[in-house]
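In case you want the letters, here they are:
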Amino acid sequence: MAYKIVASQCTNCTACEAECPNEAISEGGGTFVIDPAKCTECIGHFDSPQCVAVCPVDDTCVLDPAHPRYRQAS
Amino acid sequence: MDTPVEHEATHVESTVDMDAVMQQMAEHKGCGTSGGNSKPSCGSSAGQGDMPPEIWEKVKNHPCYSEEAHHHYARMHVAVAPACNIQCNYCNRKYDCANESRPGVVSERLTPEQAAKKVVAVASTIPQMTVLGIAGPGDPLANPAKTFKTFELISQTAPDIKLCLSTNGLTLPDHIDEIAKYNVDHVTITINMVDPEVGAQIYPWIFYKHKRYTGVEAAKILSERQLQGLEMLTERGILCKINSVMIPGINDHHLVEVNKAVKSRGAFLHNIMPLISAPEHGTVFGLNGQRGPSAQELKALQDNCEGEMNMMRHCRQCRADAVGLLGEDRSAEFTTDKIMEMEVDYDLSTRQAYQAKVEEERQAKVAARQEELETLAGQTSDIKVLVAVATKGSGLINEHFGHAKEFQIYELSTAGAKFVGHRRVDLYCQGGFGDEDALETVIRAINDCHAVFVAKIGGCPKADLKAQGIDPVDAYAHEYIEKSAIAWFRDYLGKVASGEIVHVVHGDAEIRQGALISVA
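Just so you know, the sequences run in chain order B and H.
FYI, this note's numbering numbers position 6 of the first sequence as 6, with every residue one higher than the one before it.
FYI, this note's numbering numbers position 4 of the second sequence as 4, with every residue one higher than the one before it.
These are computed hints drawn from the structure, not numbers from a lab.
Worth double-checking, as some hints may not be accurate.
[Unchecked claim] Here are the simulated DSS-like cross-link-like pairs (lysine-lysine), alpha carbons at most 30 Å apart as the crow flies:
(1) B:Lys4 x H:Lys209
(2) H:Lys357 x H:Lys384
(3) B:Lys38 x B:Lys4
(4) H:Lys149 x H:Lys162
(5) H:Lys149 x B:Lys38
(6) H:Lys357 x H:Lys456
(7) B:Lys38 x H:Lys357
(8) H:Lys181 x H:Lys209
(9) H:Lys149 x H:Lys211
(10) H:Lys260 x H:Lys384
(11) H:Lys384 x H:Lys456
(12) H:Lys209 x B:Lys38
(13) B:Lys4 x H:Lys211
(14) H:Lys384 x H:Lys338
(15) H:Lys209 x H:Lys149
[Said to hold, decoys possible] Label pairs and their in silico Cβ distance ranges:
(16) B:Gly44 x H:Pro52: 33 to 43 Å
(17) B:Ala37 x H:Leu348: 50 to 60 Å
(18) B:Ala66 x H:Lys209: 28 to 38 Å
Built from N, CA and C at the ideal position, the CB exists for glycine as well.
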């Protein structure tokens with residue numbers, strides 16, 4: 001699953017945008033959004049998803065069940 | 001949070017009407033002022049005090065560092081740095097951060113280009129604008145590209161403006177070269193603890209090297225990085241001020257240790273601020289009922305730390321996008337829409353001419369104080385009293401009691417008049433009608449004072465103040481604060497000596513929560 005940002009929780013602080021190793025996060029529609037096609041859940045990059053780790057509001061960057069779990073290319 | 005006040009912008013042309021400019025300046029809401037002839041109580045007094053000349057040269061016109069300069073000089077913050085890398089229990093980014101210059105509270109986020117344009121527009125309109133700071137609303141060094149791009153653009157177009165930075169210190173050691181490169185000679189680090197056990201009660205987590213750390217481990221990393229950054233800056237000759245939030249029961253006693261730790265590492269000024277905490281801020285401390293300190297608790301701690309190091313007492317905990325003299329906010333005059341439409345001609349010579357005039361006025365005030373002080377020479381007394389002053393700035397008693405949004409507090413002794421803080425009050429007089437509850441609010445805020453100096457005061461509040469043992473003094477209207485306070489104190493000592501009055505010690509006072517609000 002890719003991560004998604006719960007728009008009602010997002011404070012627009014931009015912290016996640018800079019931390020994303022895939023440049024999957026951008027500003028859109030007033031808050032920040034994650035492009036599910038680019039999100040790798042940080043697998044292969046870091047131990048934990050960076051957007052979740054840096055976000056100042058709990059439960060704002062969450063797994064999006066609408067997208068299949070990312071698998072690292074082998 | 002601050003709202004705009006009604007000042008007309010002074011449009012800078014090739015010739016300047018200096019009287020109009022001075023009038024404009026006098027109308028500005030100032031804040032804290034200079035200390036006595038003893039140790040400067042914060043940053044600097046009107047004179048050099050005991051500061052090394054090179055530091056005095058750097059801070060003398062800096063409104064955030066010199067308690068007296070901010071009567072005359074203005075600062076602005078640009079909100080180019082929204083991201084943060086730590087979580088503090090006194091901050092909730094979802095509802096905007098309540099503490100520490102209310103840094104989370106901004107009206108709009110700026111790009112570096114917009115910020116640079118805004119700085120030049122403000123500096124051209126307000127000739128006393130000498131300082132540009134980046135204080136958030138997140139952490140400037142968690143947004144290094146935006147922060148340093150802003151500094152680069154400003155140093156190109158407005159090279160006379162001093163650049164400052166306020167940081168939590170977590171990534172500070174990584175950015176020392178850039179800070180030096182852009183000639184940022186003032187850095188503020190917020191240090192609330194040097195003991196990770198204390199830190200764990202203040203910081204739930206930090207984000208460091210791509211990982212979230214929590215608890216004591218997080219606080220340990222943060223503390224080490226803060227102190228390392230401080231050492232690296234002072235080694236390079238970059239001035240460092242330390243901000244600390246006083247949180248009763250958590251770090252209040254510990255801040256004495258923090259003071260020693262930062263002093264030994266070369267910090268030049270320590271600013272201990274009261275915790276701002278209310279349930280509506282949505283912060284951990286706001287929700288769990290953590291209280292802020294009383295006025296007496298704050299002053300006792302500041303006095304306790306005031307050894308070899310200067311303590312700052314005039315901090316207004318302003319917003320991360322504040323514009324203007326401390327205690328006022330003109331940010332609404334300079335919204336992005338408005339500045340993008342402005343045609344700006346940056347005129348350095350006009351600014352310098354204005355600032356030369358300001359220096360003359362400052363010297364006159366210092367001379368007046370010295371003269372009055374000499375009349376106390378030879379007198380010794382253990383009596384110390386606090387007095388409150390209603391002022392619009394320029395070091396004068398020039399505000400009506402009912403119009404005062406805050407009172408400046410001076411401690412009077414035979415050593416002189418020393419600025420020790422300020423008390424915010426709600427507007428007592430609105431539309432000319434006094435309100436009993438509002439007067440009670442004012443009295444609670446200055447309950448520890450023996451007198452209140454005003455330009456004017458109505459009959460009713462006068463009687464009520466007297467009943468509370470606070471002498472309402474309007475005999476020194478529109479005169480210099482310190483000169484007048486010393487004259488009053490000499491008289492007070494005389495009356496005590498003759499037995500006309502008995503000196504009694506006053507009780508504690510309340511610190512009102514929130515930033516100073518200007519009402520148009």
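(message) For a C-alpha distance cap of 30 Å, please report whether lysine 260 (chain H) and lysine 384 (chain H) respect it.
(response) holds, 27 Å
(message) Against the 30 Å threshold, does the CA-CA distance of lysine 384 (chain H) and lysine 456 (chain H) hold or violate the hint?
(response) holds, 25 Å
(request) Assess, step by step, whether the Cα of lysine 209 (chain H) is no farther than 30 Å from the Cα of lysine 38 (chain B), and give holds or violated. (result) holds, 22 Å
(message) Between the alpha carbons of lysine 149 (chain H) and lysine 162 (chain H), is the straight-line distance 30 Å or under?
(response) holds, 15 Å
(message) Hint check: lysine 357 (chain H) vs lysine 456 (chain H), CA-CA at most 30 Å. Holds or violated?
(response) This hinted pair holds, its Cα atoms lying about 28 Å apart.
(message) For a C-alpha distance cap of 30 Å, please report whether lysine 149 (chain H) and lysine 38 (chain B) respect it.
(response) holds, 28 Å
(request) Assess, step by step, whether the Cα of lysine 38 (chain B) is no farther than 30 Å from the Cα of lysine 4 (chain B), and give holds or violated. (result) Cα-Cα ~12 Å, so holds.
(request) Starting from lysine 149 (chain H), check that the Cα of lysine 211 (chain H) is at most 30 Å away, please. (result) Cα-Cα ~26 Å, so holds.
(request) Indicate whether the distance between the beta carbons of glycine 44 (chain B) and proline 52 (chain H) respects the range 33 to 43 Å. (result) For proline 52 (chain H) against glycine 44 (chain B), whose Cβ atoms are near 54 Å apart, the range 33 to 43 Å is violated.
(message) Need the status of pair lysine 38 (chain B), lysine 357 (chain H): alpha-carbon distance at most 30 Å?
(response) Roughly 60 Å between the alpha carbons, so the hint for lysine 38 (chain B) and lysine 357 (chain H) is violated.
(message) Check whether the Cα positions of lysine 4 (chain B) and lysine 211 (chain H) lie no farther apart than 30 Å.
(response) holds, 19 Å
(message) Hint check: lysine 357 (chain H) vs lysine 384 (chain H), CA-CA at most 30 Å. Holds or violated?
(response) violated, 35 Å
The earlier numbered hints that this structure contradicts are 2, 7, 14 and 16.
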